[in-house]
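Asker: Each chain, letter by letter, is given below.
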Amino acid sequence: MEGVGAARLGPSSGERSVGPSVGLGVLHLFCRVAESTDREAAVRAVKSARAAGDQVVTTSLLGHKADVGVMALGPDMWRLRSLQTALRLSGLEPAASYVSLTELSEYAEELPEEMRQARLHPQLPPDGKPAFCFYPMSKRRVGSDNWYSLDFEERKKLMLGHGTVGRLFRGRILQLITGSTGLDDYEWGVTLFGVHPDDLKECVYQMRFDEASARFADFGPFWTGMVAEMADVLDSVLSA
Amino acid sequence: MEGVGAARLGPSSGERSVGPSVGLGVLHLFCRVAESTDREAAVRAVKSARAAGDQVVTTSLLGHKADVGVMALGPDMWRLRSLQTALRLSGLEPAASYVSLTELSEYAEELPEEMRQARLHPQLPPDGKPAFCFYPMSKRRVGSDNWYSLDFEERKKLMLGHGTVGRLFRGRILQLITGSTGLDDYEWGVTLFGVHPDDLKECVYQMRFDEASARFADFGPFWTGMVAEMADVLDSVLSA
Amino acid sequence: MEGVGAARLGPSSGERSVGPSVGLGVLHLFCRVAESTDREAAVRAVKSARAAGDQVVTTSLLGHKADVGVMALGPDMWRLRSLQTALRLSGLEPAASYVSLTELSEYAEELPEEMRQARLHPQLPPDGKPAFCFYPMSKRRVGSDNWYSLDFEERKKLMLGHGTVGRLFRGRILQLITGSTGLDDYEWGVTLFGVHPDDLKECVYQMRFDEASARFADFGPFWTGMVAEMADVLDSVLSA
Amino acid sequence: MEGVGAARLGPSSGERSVGPSVGLGVLHLFCRVAESTDREAAVRAVKSARAAGDQVVTTSLLGHKADVGVMALGPDMWRLRSLQTALRLSGLEPAASYVSLTELSEYAEELPEEMRQARLHPQLPPDGKPAFCFYPMSKRRVGSDNWYSLDFEERKKLMLGHGTVGRLFRGRILQLITGSTGLDDYEWGVTLFGVHPDDLKECVYQMRFDEASARFADFGPFWTGMVAEMADVLDSVLSA
Amino acid sequence: MEGVGAARLGPSSGERSVGPSVGLGVLHLFCRVAESTDREAAVRAVKSARAAGDQVVTTSLLGHKADVGVMALGPDMWRLRSLQTALRLSGLEPAASYVSLTELSEYAEELPEEMRQARLHPQLPPDGKPAFCFYPMSKRRVGSDNWYSLDFEERKKLMLGHGTVGRLFRGRILQLITGSTGLDDYEWGVTLFGVHPDDLKECVYQMRFDEASARFADFGPFWTGMVAEMADVLDSVLSA
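So the sequence lines, in the order shown, correspond to chains A, B, C, D and E. Using the numbering used here, the first residue of the first sequence is number 1, and each one after it goes up by one. Using the numbering used here, the first residue of the second sequence is number 241, and each one after it goes up by one. Using the numbering used here, the first residue of the third sequence is number 481, and each one after it goes up by one. Using the numbering used here, the first residue of the fourth sequence is number 721, and each one after it goes up by one. Using the numbering used here, the first residue of the fifth sequence is number 961, and each one after it goes up by one.
Looking at chain A on its own, in the form it has when it is part of the complex:
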């Protein structure tokens, strides 16, 4: 019995990967640097993941929570884990993380193919939007503010209103929502790229008045920083 199925699926077997049936796995890692951080090894880890076909966005973070943000997207969870291991071995200590999958929301079934692809297979980071933030969120289930007790049409209407707010920031903000129900502590991860940090602030602030957020959203911790290549990110956090 002992793991017959599992044995066939091991990372060394080379036979099979573990990944979503559609879309990509997404791993956000928020790391602290240490004295022993090996700059070259960290840069190589990112390069190697990209060479294998994964997308990797790196950010210099502000505040005590972490120094270096790494967001990786790819079809095989083993490969994302491999990047995590390579970063840890380079001396970056993961202080927080988020595991999710790209997805097409149930309210977006009628989207044109191009927009569907942009959600399932986004191309990141977007050009000219170096201001970055990430936060996880869940829909509330509290008393009369229970999202999961609403019927589909109500939810769809609320989500459309929500989307309308988002469209006001077209050009200033690129938003990617990935799903994590059952995979991490919140139900979605929200990654925003903006031209300016106040674009991020303004966009999230405006959305908060939308009923879908005002009544039904619970937010986790927020991470903020600037997008740059890993070498530049490391420069900014390792030397003054």
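You can take every hint at face value.
Sample of chain E residues at the chain D side, in silico, Cβ under 10 Å: (1) CYS1093; (2) GLY1103; (3) LEU1152; (4) LEU1160; (5) CYS1163; (6) TRP1183; (7) THR1184.
Restraint ranges, calculated between C-beta atoms of paired labels, are given here: (8) TYR107/A <-> ASP278/B: 44 to 54 Å; (9) GLU393/B <-> THR884/D: 40 to 50 Å; (10) SER516/C <-> LEU1080/E: 54 to 64 Å; (11) GLU1073/E <-> GLY166/A: 30 to 40 Å; (12) ARG356/B <-> GLU106/A: 28 to 38 Å; (13) LEU840/D <-> SER497/C: 28 to 38 Å; (14) GLN1166/E <-> GLY886/D: 22 to 32 Å; (15) GLU393/B <-> GLY623/C: 23 to 33 Å; (16) GLY403/B <-> TYR107/A: 20 to 30 Å; (17) SER36/A <-> SER585/C: 47 to 57 Å; (18) GLY623/C <-> LEU400/B: 23 to 33 Å.
Hints in this document: simulated from the structure, not taken from any laboratory. We put the beta carbon where it would ideally sit given N, CA and C, even for glycine.
On the provided structure of chain A, position chains B, C, D and E as indicated by the hints.
Answerer: Relative to the frame of chain A, chains B, C, D and E by itself:
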């Protein structure tokens, strides 16, 4: 007086084990690796527990919370503790855990014997389902959403509806619910094995709309990874 | 002024102890072992506390929260502190704790003298009940579920119903409730000894349906393990 | 511009202190001992603060949260900080703390001068009350239990009832309530000195039924121990 | 694709900064000192940030949460990150932080230009106000106390009332509110400078009765200390 009873029950006495009167004890351990982790010792710890008759499922985890997941099932809590000790001595540091027991829920009394056995004595891991997640949960006792104020028939009806959602994922998901009221911080532990990570996500997401979850479930932290043999798991987290 | 009163009360003065006017002080310590843990010193610490007249129950714990549980009962808080210090010096690191006092609840004034003594001066551990759990709890003060807004008769009735559930487990469970309002983060500590771990689970689960728990109880973290003598407990957590 | 005002206020300038316009600053520090703790230096730190005119109460604490409690009262926040620094340099590691100010509550304007002084300039520790506890608390602002939505007369009436309960413990308990709105995470700090630990428990328990607590109080962590001179406190936590 | 946009934005490129389109970025860092803290390097870090044009306010903090507070304001987030890195390299360990932006609230559109500038481009620290506190806060979205479900006029009226309380403390308190929705865990950061610590306490206490706070404010942790030049701050926390 000093522990007369206790003295007879010590682990070295060999006279008696401590375990549930029906079913199995279940220990989930989520461990971080360190530089000093001894790969061989960790593999031996798992082998030794299996040799003693316990089931052990090992997983490579994604994210900062932990690197290696170990889920062990056996009739004697001393033996589960012994596995925990052996893993710690191998240099795996338990960062989180869950203690529970397999159980037949009070709503499942009429199940055929085979299904009863699958709950009390599951055979894990299932074949061909390498995507893994675990989370603890409790039933809510908040205002009018108080599960424990409902009568048995209401609860049974809600649980049957809940089970119907679960059955939609037959073949894609294997679910094991173990009981922990009085033993750990939540009332149940939920372990899911899926073909793909999006099976896990889809299943938990669909269930959230079910009234038993929408109104009455509180969830703890979620753990996600890939099932593999311990040697492969360690390879994936110790070397890039 | 500087501590005139205090000066007379120091531990080295030998003049006076600090303890409850009735009943015993109770200290639960949940400790992690380290490489430097001195097995002999830890055993001596327990022996020395018992020689001084205190009761000490030791447990091997399951899960990451702690390895060794120590529950000590005695009339002098300085002596309980002395045990804590001796354990720390032996290399056991207290990861959690609970401070409480044995007490006769206000609803139990009419109990026969023998039962009063069993609550104020319990003899622990009980014979043949090696399955252990501990959790702290408070009564709720939330909206219409406010225990402290109920009058005495209502509370007494609810507590009697609660006790009825407890009596169903006579012989399988020994329960000790100690008071900690003003002393630690919850209002009571609940220590259970059971024949089997599923006795603990079943008992706490059944009580949760009782209105006193369903509507009015908030629970803290749960600790689970097996009662044994300190030498056996240390064996189980220090060597595989 | 760069800190012109600030420059005049530095601790080395000797020109000005920073303290409340009436009453005293209060610093509660809860420290852990380490192997490197320098007993003499810690005793000197307390002696030096007293020599400068500050009051310092020291306690031996029970449980894992901390070993040594230090409560200091004085007119200059720089001097309180200086004590904190001296304690840290002696090898006591602050694990928790509370910053507050003595105050005359708005409901106590009509008190006789002696009682006003006892609140603004208390003399601590009281004689013969070695049992100590501390906890922070806030008034609730939840739904219909919103203290800050009550008018002054309602609040005053509730506080008077609250005080009546407190007076039942006169002689057994000395209570000092200090204000921390805007300064620390709760709105008040409550320091109790009792003859016996069950006096503390009984007093806080009785008050919990008072409407001002039952409906309107949120409590933070509780700290418990025994008052003694620093040398005795250190003895009790450094040697078994 | 790999970060084409990002590559142009790196900190070493010198081509472009990342900052708000109006106002300033604000970074609050709350740091612990260690034995290895390099006093000169920490002073140089502040000097260097000021030389580059950023404002830096330094504070000596009370309590265990942190020793040294640094609040920096500037137009380029990369430069704020550079200060954080320089402080870390000097051996100050950031234990907490807050990231926000100066802003003109939507209720303050009609303010005279001078007051607008005081909010977007404050000159800190103010003269003669050495008592410091900082706390983050959010507006509530709970049941009927949902700030984001109110219409603009209601919110504006409530904010005006709130401002009226604040004006009572003119001369004793300088308040700066910076926005962090989408950037950090709360929606605003509140920085107060007072003549005396009880000015801070009195001001925040009075505001709590205002409906905008009483019903709609959720507060994060509070930080308290004294403003001084970095050299004096370090003196106060590094030597007794």
